[in-house]
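Those protein sequences? They're chains A and B, same order as listed.
Counting in our numbering, the first sequence runs from 1 upward without gaps.
Counting in our numbering, the second sequence runs from 1 upward without gaps.
No lab work stands behind these hints, which were simulated from the structure alone.
Keep in mind that this is a model prediction, so the values were computed, not measured.
Think of the CB as a built atom: it goes at the ideal place given N, C-alpha and C, for glycine as much as any other residue.
Hints are not guaranteed to be accurate.
[Stated by the list, open to error] Beyond 12 Å from chain A on every Cβ pair, some chain B residues (computed):
1. 123
2. 127
3. 129
4. 131
5. 136
6. 167
7. 171
8. 174
9. 178
10. 182
11. 185
12. 188
13. 274
[Unchecked claim] Residues on chain A that point at chain B, a partial pick, calculated with CB under 8 Å:
14. 127
15. 128
16. 131
17. 136
18. 140
19. 144
20. 157
21. 211
22. 220
23. 222
24. 224
25. 235
26. 236
27. 246
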Amino acid sequence: MKRRTRPQPTMAISEAELTSLTAELDELHHDVGMPAMQTALSRWTEDLRTSRRGFLIGAGAVVGGAVLAACGSSSSSSTTSSTAGGPGSGSATLTGDLAVAALAASLENLAVAAYGDVLTAAGAGKLGTVPPAVATFVTTVKGQHAQHAQAWNSAIMAAGHPAVTGPDKALVPTVDRAFAKVTDVTGAAKLALSLEDIAAATYQSAISAVTAPSSVKVAASIQPVEMQHAAILNFVLGQYPVPNAFSPLTGARTLADYRG
Amino acid sequence: MGQQHTTARGADDPMPDLDRTAMGLLLEESQDVHRDAMAATADALDDLADRRDELQLDPDEARAVGDNRRAARRGLTFGGGLLAAAGAAAALDALAAAPAFAASTPDVQILQTAASLEVLAVGTYKTALTLPFIGGSAANPVVKAFAMTTMQQHQEHLAAFNAAVTRLGGTAQTTADPVLSKVVAAAVPGLTGPAPVVALALELEQGAAETYVADTAALGDATAKKLTASVMGVEAQHVAILLAVQALLAANAPQLIALPPDAASLPAAAGSIGFPNAFFPTDMARPATEGAS
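All chains should be built: construct the whole structure from the sequences, respecting the hints.
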């Protein structure tokens, strides 16, 4: 296969070589994954620039379910809320595909903040010993969620609206309560898994809810990545990494319960 | 997941000695969640059946829609296809040799191609499980359980895609993708250890996932789109695990392929090896009609 360079299957490699391989894969992501998504995004933003009318689907078009039901109920607050700058003004009036984009951006912002909190807590020694692979996971996933948010915001801004810079306010208290109970890597992984499951389910719903083919492409290019994050988290937690033959919609966020 | 094991065990079941201890318990724990997901898929397929009559197209209309769909897919594909060894020329040859698709809607063709990929995946895992280092006593138990479960998941995908095909008026696809079948056949003699098996499975899983990501934008029927969207992420998860296993094998650390893993001993880079792209690519998506009949 031309696109990917695979490691030699019979040759043992060192940590440095494995790191190099990861860097190479990251480079491929810029060479392959990004152009694919950017083409769809460019098409979408071009449509938005020419029409400025957004896309018309009703609120609640994204099907919903329980949200972070497994999270705790502590009243303590974490640093997640400190990043809740809220979406840019006017986002509450977005309709159609742009409303879905705002919801998605807010979920991505929430994930970025949550993983940032984990890194901060780990740096402060609040999570005990953090394995190097876990630190790499958190850092990499945080970066990918930031790219997802950027992608959605580029469409929103192309339509003349301010970027959504804050997390979904409806979820922040729940995440904060859950994070306040996290004392180790396992707890952090469980919280992260909840967020990844919600994001994946929401994107899967969005694929059916949005109307523009280009926005379908963007959502479809992100949902499998969130699913991959979840698979690795399941693995680390000692749970079967691919638990479903068909990915569920459980926990999908709705436009109706999105509060900006 | 538990449902898979109760329905899949037959006389020729390649997984009669599945370890039902730790891994088995984990699989059973996911049964309820899986059943919910299956119910959603079944509902979607029922909806497809209800709408079958309205989804029929005349041949001219089908060709016109097909042209549009292919254009949509081109917007998602970049460069070569899955398994460059197969090459664009081979894919074009297969397409040229394929029957005319005037009687099938583009959605049926896409779904038949998806089914053909699943047929190939099931067959490949089944073959792999006959190898002592994948399905035998010499196998890593996690790798073995993964191969068995993944094969069963592909079997379920196949059934779902074919149910969608038949309910849209098409013929169920029970033949493997003709282009990739040749690639797999050529690879089989080289499956002399876990690493080449993982590499081959990785190629097939990546190709299937990318095809389904592209299909979600190309499919016109909403219910078929929902079904495909519910499968693409699962294939991507197979990719993630295979990438991690591949890296650990390459690092000569097969002992770390365990559930749960010894996280403290994992190389730092193992934390990100499973998801190399922030946006899932589609440049290896198979042509929409490659596996259509």
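We went through each hint and held it up to the structure:
no., hint, in the structure
1, 123, "holds (17 Å)"
2, 127, "holds (18 Å)"
3, 129, "holds (17 Å)"
4, 131, "holds (15 Å)"
5, 136, "holds (19 Å)"
6, 167, "holds (17 Å)"
7, 171, "holds (23 Å)"
8, 174, "holds (19 Å)"
9, 178, "holds (19 Å)"
10, 182, "holds (15 Å)"
11, 185, "holds (17 Å)"
12, 188, "holds (15 Å)"
13, 274, "violated (5 Å)"
14, 127, "violated (12 Å)"
15, 128, "violated (11 Å)"
16, 131, "holds (4 Å)"
17, 136, "holds (3 Å)"
18, 140, "holds (4 Å)"
19, 144, "holds (4 Å)"
20, 157, "violated (18 Å)"
21, 211, "violated (11 Å)"
22, 220, "holds (4 Å)"
23, 222, "holds (6 Å)"
24, 224, "holds (3 Å)"
25, 235, "holds (7 Å)"
26, 236, "holds (6 Å)"
27, 246, "holds (4 Å)"
Against the hints set out earlier in the document, violations occur for numbers 13, 14, 15, 20, 21.
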